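Under numbering that gives the first Met the number 0, the first residue of the sequence shown is numbered 0, with each subsequent residue one higher.
Do not take every clue at face value.
As the list claims (entries may be wrong) - Below, computed lysine-lysine pairings styled on DSS-like, alpha-carbon distance capped at 25 Å:
no.	residue 1	residue 2
1	K66	K261
2	K352	K273
3	K358	K348
4	K133	K59
5	K319	K278
6	K258	K59
7	K333	K66
8	K1	K15
9	K171	K278
10	K278	K353
11	K358	K320
12	K319	K15
13	K124	K59
14	K352	K333
15	K56	K171
16	K261	K124
17	K133	K171
18	K333	K348
19	K15	K56
20	K117	K258
21	K124	K258
22	K59	K171
23	K124	K56
24	K258	K278
25	K204	K15
26	K59	K79
27	K319	K333
28	K56	K204
29	K273	K353
30	K346	K320
31	K258	K353
32	K171	K74
33	K171	K200
34	K333	K273
35	K56	K200
36	K74	K258
What the hints assert, rightly or not - So the derived label-pair ranges between C-beta atoms look like this:
no.	residue 1	residue 2	range
37	N240	G176	51 to 61 Å
38	E160	D103	17 to 27 Å
39	V336	T260	25 to 35 Å
40	N344	G129	49 to 59 Å
FYI, nobody ran anything at the bench for these hints, they're computed from the structure. From a predicted model like this one, the values you see are computed outputs, not experimental measurements. Note that CB positions come from ideal geometry on N, CA and C, so glycine has one too.
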Amino acid sequence: MKNTAITDHHIALGAKMVPFAGFSMPVQYSGINDEHETVRTGVGVFDVSHMGEFIIKGEKALDLLQKISSNDVSKLYAGKVQYAYIPNETGGIVDDFLTYKIDDETYFLVVNASNIEKDWNWISKYNVDGVEMKNISDETSLFAVQGPKAAEALQSLTDIELASMEYYTFEKGVFAGIENVLVSATGYTGAGGFEIYVANKDAQKVWDAIFEAGAAFNIKPIGLGARDTLRLEMGFCLYGNDIDDETSPLAAGLGWVTKFTKDFVNSENLKLEKENGVKEKLVGFEMIDRGIARHDYPIVDADDNVIGRVTSGTQSPTLKKSIGLGYVSPPFAKEGVEIYISIRNQKVKAVVKKPPFVK
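Just need the whole structure built from these sequences, with the hints factored in.
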């Protein structure tokens, strides 16, 4: 089991630790509902240093990324971030990831913790032009400072104008007295905020500075439990739950980051799938009857015919009702359609609702 640079600090804070993607990670501190509310209304900090980071560099770096990414990387400018997925050769998804453009020959990729080795091997396979690749995952810490008060809480630590940073942009600068820190206006909560990338050796110093600066804003540490409820309220996919090697990116609603203006891995087959129509669609749903939908629960129609499966489900702390994501056959994918979740062989009524569940 790997640790982040500040695992001992989480334990000292009384965090409940769980194994996640090969790391010992804090799942909660004060409780999921309290932490969730903190991020929605104030400011909280996640240690998500388990995530993977690669540097892709060289004259042919763009060509390599255009081949392995579903999105059009040529549209990026220095300081811009792009969301995409890595398609596999059989119609599924290797991973979803972020691309940061540092300059014309340097890109910074952020990948899911459970897929670091898989992604590295996949990108390496297509690196036929000897593009320089560096895996800096083990030496990089990542703190996600999320919530509507994030900019105000952090501004005293940096000269970067946080409040004016556009969504999905980044800057490098001095942060908490440390030089060359990458600060991006990104996140996985829908509550606004920033992600801060620092070297492991500076992680504790930066974490402490964040909490000192944020004390007046009642800043709190937040665990993976609330991270999951926050992302689900926004309808954000989680790799391994809602998307994986077997799921179609078009069925998962990722057509918006699938750019057929260029040639990428499996693009011809995905284009055909788009023309012919998908066999299932990922939808959001809210429970009407009592019950919480969980991963892999069957979704059925009024006559008990299986029409799909749940991929994510939880009790929404904001809405005080159960919500979820799942794949259903296309006729059941329209907003307002009633479906049923099979919970312990009981049919529990739900209704299809387009995410985000919380505006």
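Right, here's what the structure says about each hint:
Restraint check: the Cα-Cα separation between K66 and K261 comes to about 9 Å, which is no more than 25 Å; the hinted pair holds. Between K352 and K273, the direct Cα distance comes to roughly 23 Å. Compliance with the 25 Å bound is thereby established for this hinted pair. About 23 Å separates the Cα atoms of K358 and K348, which keeps this hinted pair within 25 Å; it holds. Using a Cα cut-off of 25 Å, the hinted pair K133 and K59 holds, with the two alpha carbons roughly 15 Å apart.
With a C-alpha separation of about 32 Å, the suggested pair K319 and K278 falls outside the 25 Å cut-off, and the hint is violated. At roughly 20 Å between alpha-carbon atoms, K258 and K59 fall within 25 Å of each other, so this suggested pair holds. For the suggested pair K333 and K66, the alpha carbons sit about 34 Å apart, so the restraint of at most 25 Å is broken. Pair hint K1 plus K15 holds up; C-alpha atoms about 16 Å apart against a cutoff of 25 Å.
For the proposed pair K171 and K278, the alpha carbon gap of about 44 Å is over 25 Å, so the pair is violated. Only pairs whose Cα atoms come within 25 Å are accepted, and K278 paired with K353 is accepted, the gap being roughly 19 Å. Between the alpha carbons of K358 and K320 the distance comes to roughly 15 Å, so the proposed pair stays at or under 25 Å and holds. Only pairs whose Cα atoms come within 25 Å are accepted, and K319 paired with K15 is accepted, the gap being roughly 24 Å.
Annotation: proposed proximity of K124 to K59 holds, straight-line Cα distance about 15 Å (limit 25 Å). The suggested pairing of K352 with K333 holds, with an alpha-carbon distance near 8 Å, which does not exceed 25 Å. Pair hint K56 plus K171 holds up; C-alpha atoms about 17 Å apart against a cutoff of 25 Å. About 19 Å separates the Cα atoms of K261 and K124, which keeps this hinted pair within 25 Å; it holds.
Between K133 and K171 the CA atoms are separated by roughly 19 Å; this keeps the pair inside 25 Å, and the hint holds. For the proposed pair K333 and K348, the alpha carbon gap of about 16 Å is at most 25 Å, so the pair holds. For the proposed pair K15 and K56, the alpha carbon gap of about 39 Å is over 25 Å, so the pair is violated. For a cut-off of 25 Å, the pair hint linking K117 to K258 stands: about 23 Å separates their Cα positions.
Taking the CA atoms of K124 and K258, the gap is near 22 Å; set against the 25 Å cutoff, the hint holds. Restraint check for K59 and K171: the C-alpha separation of about 24 Å stays at or below 25 Å, so the hint holds. Only pairs whose Cα atoms come within 25 Å are accepted, and K124 paired with K56 is accepted, the gap being roughly 16 Å. At most 25 Å may separate the alpha-carbon atoms for a hinted pair to count; K258 and K278 meet this at roughly 21 Å.
Taking the CA atoms of K204 and K15, the gap is about 22 Å. The hint holds against a cut of 25 Å. A hinted pair counts as satisfied when its Cα atoms are at most 25 Å apart, and K59 with K79 qualifies at roughly 19 Å. Restraint check: the Cα-Cα separation between K319 and K333 comes to about 23 Å, which is no more than 25 Å; the hinted pair holds. In summary, the hint linking K56 to K204 is not supported, as the alpha carbons are separated by about 29 Å, beyond the 25 Å threshold.
Pair hint K273 plus K353 holds up; C-alpha atoms about 20 Å apart against a cutoff of 25 Å. A threshold of 25 Å between alpha carbons decides the hint, and for K346 with K320 the separation of about 17 Å falls inside it, so the pair holds. Proposed proximity of K258 and K353 is supported: the alpha carbons are some 23 Å apart, at most 25 Å. With a CA separation close to 20 Å, the supplied pair K171 and K74 stays within the 25 Å bound.
Between K171 and K200, the direct Cα distance comes to roughly 18 Å. Compliance with the 25 Å bound is thereby established for this hinted pair. Between K333 and K273 the alpha-carbon distance is near 18 Å, which keeps this suggested pair within the 25 Å criterion. For the suggested pair K56 and K200, the alpha carbons sit about 24 Å apart, so the restraint of at most 25 Å is met. The hinted pair formed by K74 and K258 meets the criterion: a straight-line CA distance of about 11 Å does not exceed 25 Å.
Distance hint for N240 and G176: a CB-CB separation of about 39 Å, inconsistent with the stated range 51 to 61 Å. Taking 17 to 27 Å as the suggested C-beta distance range, the pair E160 and D103 conforms, at roughly 25 Å. For V336 and T260, the Cβ-Cβ distance of about 33 Å falls inside the hinted range of 25 to 35 Å, so the restraint holds. Against the hinted window of 49 to 59 Å, the Cβ-Cβ separation of N344 and G129 comes to about 57 Å, which satisfies the hint.
The structure fails to meet hints 5, 7, 9, 19, 28, 37 from the earlier list, while all remaining hints are met.
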